[in-house]
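Positions 1 to 321 (the UniProt record's numbering) are the ones given, in order, by the sequence shown.
Honestly, the hints are just simulated from the structure, not real lab data. Honestly, I wouldn't trust all of these hints.
[Claimed, not checked] Okay, derived cross-link-like pairs now, BS3-like style, lysine-lysine, Cα gap no bigger than 25 Å in a straight line: (1) Lys-268 to Lys-134; (2) Lys-260 to Lys-134; (3) Lys-295 to Lys-88; (4) Lys-268 to Lys-295; (5) Lys-260 to Lys-85; (6) Lys-260 to Lys-200.
[Claimed, not checked] Label pairs and their calculated CB-CB ranges: (7) Phe-15 to Asp-81: 12 to 22 Å; (8) Ala-102 to Gly-44: 32 to 42 Å; (9) Thr-271 to Gly-90: 18 to 28 Å; (10) Arg-290 to Gly-90: 15 to 25 Å; (11) Lys-242 to Gly-191: 12 to 22 Å; (12) Ala-296 to Gly-191: 27 to 37 Å; (13) Arg-47 to Glu-235: 18 to 28 Å; (14) Gly-90 to Arg-274: 17 to 27 Å; (15) Asn-52 to Asp-28: 48 to 58 Å; (16) Gly-90 to Phe-15: 39 to 49 Å; (17) Ala-48 to Arg-265: 41 to 51 Å; (18) Thr-269 to Asp-114: 40 to 50 Å; (19) Val-148 to Phe-15: 28 to 38 Å; (20) Gly-117 to Arg-229: 21 to 31 Å.
Idealized CB from N, CA, C, for every residue including glycine.
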Amino acid sequence: MTNPIRWGILGASNFAATMMGPAIHEADDAELVALGTSSPAKAGAFRAFCPNIRVQSYDELLASDDIDAVYIPLPNTLHVDWSKKALKAGKHVLTEKPIAMAAEEIDELIALRDSTGLFCAEAYMIVHHPQWLKARELLAEGAIGRLVHVDVSFSYNNPDAGNIRNRADVGGGGIRDIGVYTMGSVRWATGEEPVDVEAKAEWENGVDTTAHVWARFPSFTFKSMTSTRMAPRQEVVFHGDKAVLRVTAPFNAAIFGEEKLVLERDDKTITHFRYPGTRQYKLQVENFGRTLRDKAPYPWTLENARGTQAMLDRVFAAIAE
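Can you make the complete structure from the sequences, with help from the hints?
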């Protein structure tokens, strides 16, 4: 590819209109061409930043010859089916997290990705942020000594029963919405997979609203709390035997708070790593494009996504016990 990668968006979600759409529009070597939607009235939010965006149906977009890649922000239960349709239509695919409802579904996407020769990935923006690249580097080089325990919290307060995050019929719930970050980030940063998993959850209208997960990894223990009924909070703490590494705005970087890592050593010295102004969604689009153009390694493959989904599957199984 020598021209900009031409993108289409399947689904006029608010997140696509406010975050990923602008990121695609402003990314280097990317062009936002079309919006596929069943609600054309929602196109105004996209035309506000991309006046020439073409509006059409999902199927029309997938049949368009001037679309190279599609971003899919549809409800969770539709992710796998539309990812398959897009791949079969000859499009590269970036699908919002969680890309599937069970790990076995990702196996199907991996097989289709490999058989078509197209690229397919889960939209997992945090691994494109330099703060997470630095966190993984610090852990690998032993900056905190031996990693002993990881504590993760992620919460927001959304009691709206009609919101898709609170609807069981479309795969809502806190574990799928934000647990994918509390668990996936630690897997990615450490390169380890859980050995044992325990979990408890509170439920409302068929979706988990607060969940506590405990896990044992080969070299450390892990605890996470996710909630969709608490005041906003997010933090990841890697606790070693020589130092503590805190990621203070790990997931909604810049929106939640200052993008920084804090390394607190046992000799009382403190080092701050700051990343002001970083746009992780834009970086995600640009890295996706580099993979298409140059075969550059992508930091979050379907295999990565499958590992996190497998952990989520174990969490739901533990809750059901």
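Which numbered hints does this structure break?
Result: hints 4, 5, 6, 9, 12, 13, 14, 15, 16 and 20 break, sorted rising.
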